[in-house]
Amino acid sequence: MSAPGSTAPAPGASRAAFSPNWLGRAGWLALLLYCIYAASLLDVTWSRFVIGLDQGAKFLDRMFPPNFSRWEAVLKGMKESLEISVLASVAGILISLPIGVMAARNLMPGWVSWPARALIAVCRTFHPVIVAIIFVKAVGFGALAGILALVIASIGFIGKLFAEAIEEISLKQVEAVRATGASFMNVILFGVLPQVFPRFIGFSTYQFDSNVRNSTMVGIVGAGGIGAPLFVAFQRFDYDVVCAILLAIIAVVFCCEILSNQVKKVFGEQRVAASG
Amino acid sequence: MTAGTAALERAALQPAALEFRRLGKSYLPGHPVLHEIDLAIQGQGLTAIIGPSGTGKSTLIRCVNRLVEPSSGQILLDGEDLTALRGRALRLARRRIGMVFQEYNLVERLTVIENLLCGRLGYVGAVAAWLRRFPQTDIDRAFELLDAVGLSAFAKTRADSLSGGQRQRVGIARALMQQPRLLLADEPTSSLDPKTSVEIMGLMQGLCEARGIPVIVNMHDVELAKRFASRIIGMSGGRVVFDGAPAALTDEHLKQIYGGEGWLE
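Top to bottom, those sequences are chains C and A.
Quick note on numbering: the first sequence equals residues 20 to 295 in the numbering used here.
Quick note on numbering: the second sequence equals residues 799 to 1063 in the numbering used here.
It should be emphasised that the hints constitute simulated quantities derived from the structure, not laboratory data.
Keep in mind the model is a prediction, meaning the values are calculated, not measured.
Errors might be hidden in some of the hints.
Listed next, the in silico BS3-like pairs over lysine-lysine satisfying Cα-Cα at most 27 Å (straight line) [said to hold, decoys possible]:
1) K993/A - K191/C
2) K954/A - K283/C
3) K98/C - K156/C
4) K95/C - K156/C
5) K954/A - K284/C
6) K191/C - K1053/A
7) K98/C - K284/C
8) K1053/A - K1024/A
The shape of chain C in the complex, shown without the other chains:
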């Protein structure tokens, strides 16, 4: 019945437009099986969830109304957190500028860029809380450990994104500045920075927001800020105090985001002129 000379299959046999991806199907199946296995192992069941809901209701009930009676401790902790995040952001941004430039493979030879990239990778490896624990052990309890931990986090984030932004610039502009006989620093200042400055402001304000949030957490491991009173309140089951602290954190984070947006509006689309 088949047409002469053709390799078409016999009538009735349909030709498949898509070949089955057995490896992909096996992967999805494996993921599904692992999720079921992990859930059974960790006692994640519906009945356990219902018990949890019950507990959650009691917890919420004890959180309200928020208790601001210890407002002085909250204010002091919040101030310290803010100080930690501002200092860490300023130091981290200043340090990540040269490191980001050094890590850009289109401007630097390999023997400069690879060590810089390795440093950035190390800074990104650990969560800020783990870094904070390490610094608490290294330099002792208090705000210094928190600042150092967040500086590391800032270098990891801004350094990486800044280097990537530099790697995407137009080298024609750099070439023209270099052709005037400008020194390396002047090439960076006039050929490179104007191209990446608005993005750098974006990364920096984002990291500042992130540092404000993280600064409230490093206190839990003893690295200064609002985290310590928060942790103590949890331990004492003073959930109404916990609620007050959480509201204070929300207020501060919210204000800082508004501030970041203003900074972006002022600097984001402007040139690097020091005179502004």
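Using the hints, position chain A against chain C.
Frame of chain C, contents of chain A only:
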């Protein structure tokens, strides 16, 4: 005063002298783009280098300010071998060589006046450059050049809002800010319409002639080259195949430079 600076000062009174000696360049080993170029360009005037795409015109002039590293041979500017320079000495040599680019290569996010002052970056320290503290003489010269290229009204406009012709005017002014001994132009009109191309070539020729600066221009447009150049160098396959006055350039030469003849009529 050392003998070297005395020689430089004597040279400064005379028009620049540029000499290529057996200059060779291969981007890939065994595939030379330039074959032992020997050329001498002395005094002022506009020298046009014509030739098909990919024949090494761009490579040749980029070897002069070492945006491209020559593989062999020498390039002498006022008797100094540019191919041997490194670091600071190379930067000092680059200050004396202005360059105009096909795609203008302005720093897009900077203003016109800042782009002009880029031409002085070889003379200004990093802190002063960052704070935009240029010497007043540089700023005065920048405004004079802005007048000369007809963009006085655009001093504080950002470069990315200019038209192509305006951008190339800024590119020429930036190169002249260097007070160069020599101006290189790498296809300065290839991205422009015919009318603007003529204006840009006329502007470049006029400004450089008034300042006694020799100009070396790469270009595709043979008619434009004949109109503005006092000397034409034809290149083909990485070699110089014609070198002479525009009037001496015949269809026979053009066939040799570009190959074929159907395109001539």
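Now for the hints, and whether the structure bears them out:
no.: 1; hint: K993/A - K191/C; in the structure: holds, 25 Å
no.: 2; hint: K954/A - K283/C; in the structure: holds, 22 Å
no.: 3; hint: K98/C - K156/C; in the structure: holds, 24 Å
no.: 4; hint: K95/C - K156/C; in the structure: holds, 24 Å
no.: 5; hint: K954/A - K284/C; in the structure: holds, 20 Å
no.: 6; hint: K191/C - K1053/A; in the structure: violated, 33 Å
no.: 7; hint: K98/C - K284/C; in the structure: holds, 26 Å
no.: 8; hint: K1053/A - K1024/A; in the structure: holds, 16 Å
Hint 6 from the earlier list is the only one contradicted by this structure; the remaining hints agree with it.
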